[in-house]
Amino acid sequence: EPSRSGAFASIVLALTGLALAAASPVEVRVLARGLSSIVPVRSTLGGLRSPWVLQPVFAGFSILSPSWLWVVLPTAIVAVTLGALLLSRGGLFRVRRAPSWHSGAPETAEAAAYTAFGFANPLRHVLSNVLGTNRTVGTESSAVAAVGVTSRERVVEPVETYLYRPVARATLAI
1 EPSRSGAFAS
11 IVLALTGLAL
21 AAASPVEVRV
31 LARGLSSIVP
41 VRSTLGGLRS
51 PWVLQPVFAG
61 FSILSPSWLW
71 VVLPTAIVAV
81 TLGALLLSRG
91 GLFRVRRAPS
101 WHSGAPETAE
111 AAAYTAFGFA
121 NPLRHVLSNV
131 LGTNRTVGTE
141 SSAVAAVGVT
151 SRERVVEPVE
161 TYLYRPVARA
171 TLAI
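UniProt numbering puts the sequence shown at residues 1 to 174.
The set of hints was computed from the structure by calculation and includes no laboratory data.
Be aware that one or more of the hints could be misleading.
To be verified - What follows is a set of in silico ranges between Cβ atoms, one per label pair, in the way DEER data are often shown: (1) LEU35 to TYR162: 49 to 59 Å; (2) ASN121 to GLU157: 15 to 25 Å; (3) THR136 to VAL78: 51 to 61 Å.
C-beta atoms are modelled at their ideal positions from N, C-alpha and C, and glycine is treated no differently.
Construct the entire structure; sequences and hints are all you get.
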């Protein structure tokens with residue numbers, strides 16, 4: 001479940017983007033004043049269609065006005081959200097409860113079901129030949145019982161081992 005600080009940060013990020021878009025005509029005016037000694041103000045301010053809307057300066061050039069996005073994007077988000085709520089008849093926020101999925105067959109016992117590791121296992125076996133995976137499993141035991149199990153896996157990356165390291169050795173030798 002997302003944290004409140006993450007949700008707050010996302011909202012702040014979205015509002016910052018919208019605020020920058022809304023302020024873009026002001027940025028153009030400030031840049032026009034700063035560049036006035038090099039570029040005529042009239043040509044720089046030609047990008048302003050009205051006090052708050054940017055437009056293309058050159059014929060055949062397209063621009064998406066960030067100040068229009070300030071209005072259009074939130075309106076579109078509200079319209080889509082309302083449309084989804086109306087079409088789902090309020091079911092958009094209803095939580096659906098269903099049994100967890102076990103290998104795609106309802107009669108499969110949980111113990112016999114595939115896990116995420118089980119789905120990745122065939123891929124691991126195929127790639128172990130390419131990557132030269134070496135796995136060792138050891139048990140630590142005392143006089144009474146097993147204390148723990150350690151598992152070590154070593155992966156040889158072919159590009160690093162057979163390309164990058166020899167090139168690095170040759171480069172350092174020079």
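*Okay, which hints does this one fail, numbers in order?*
none
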